[in-house]
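Counting from 1, one number per residue, gives the positions in the sequence shown under our numbering.
Honestly, the hints are just simulated from the structure, not real lab data. A hint or two may mislead.
[Unchecked claim] Pairwise CB distance ranges, derived in the manner of DEER restraints: (1) V132 to R167: 42 to 50 Å; (2) G96 to S120: 19 to 27 Å; (3) D90 to P136: 34 to 42 Å; (4) G70 to S120: 18 to 26 Å; (5) D93 to I145: 43 to 51 Å.
Since the structure is predicted, the reported quantities are computational estimates derived from the model, not experimental observations. The C-beta atom is built at its ideal place from N, Cα and C for all residues, glycine as well.
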Amino acid sequence: MDVVSSEKVFQGRAISLRVDQVRASNGTFQMEVLEHSGGVAVVPIDGDDNVWMVRQYRHVEIPAGTVKMGEDPALCAARELQEEIGMKADKIDLVGEFFLAPGYSSELMRLYLATGLTPSSLPQDEDEEIVVEKIPFTQAVQMAIKGELHDAKSVAGLLLADRLRLRDT
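Can you build the whole structure from these sequences, using the hints too?
Set out below in structure tokens:
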């Protein structure tokens with residue numbers, strides 16, 4: 001398949017929409033692509049084995065945010081921890097990455113595991129009103145397994161963190 005032409009039809013603050021004309025062996029068709037600079041999500045685990053999660057207008061989820069153009073994703077992850085849960089991590093490790101909706105979006109989500117948490121806050125974004133919840137890690141993993149969490153990045157992050165911790169013991 002080849003992209004014959006591409007046209008940006010919308011440019012917003014966080015996303016843009018592109019329409020591609022694609023030639024395949026069975027003809028030419030139109031494909032809509034949501035362009036996004038990418039995101040980070042962090043599983044922050046404290047010394048008492050609690051995972052720090054946030055609740056906004058959405059469901060409970062792990063801290064996450066959008067990578068600014070040209071920003072190092074690891075620095076974005078550290079910033080999001082400070083903005084959303086008021087904590088800094090001694091160690092932030094990349095544990096995985098995936099496309100959220102590869103059929104129509106370019107958004108790459110990078111997952112991090114953060115440990116060694118200490119208080120250090122930055123102001124929250126203007127459009128955020130966040131409540132922080134500390135949940136025992138094993139309970140949060142069970143919530144993911146039982147379908148009680150509805151956020152894909154949180155489910156993936158918790159299950160991957162659990163698997164990595166099992167491997168390292």
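Quick one: which hint numbers does this structure break? Sort them smallest to largest. 1, 3, 5
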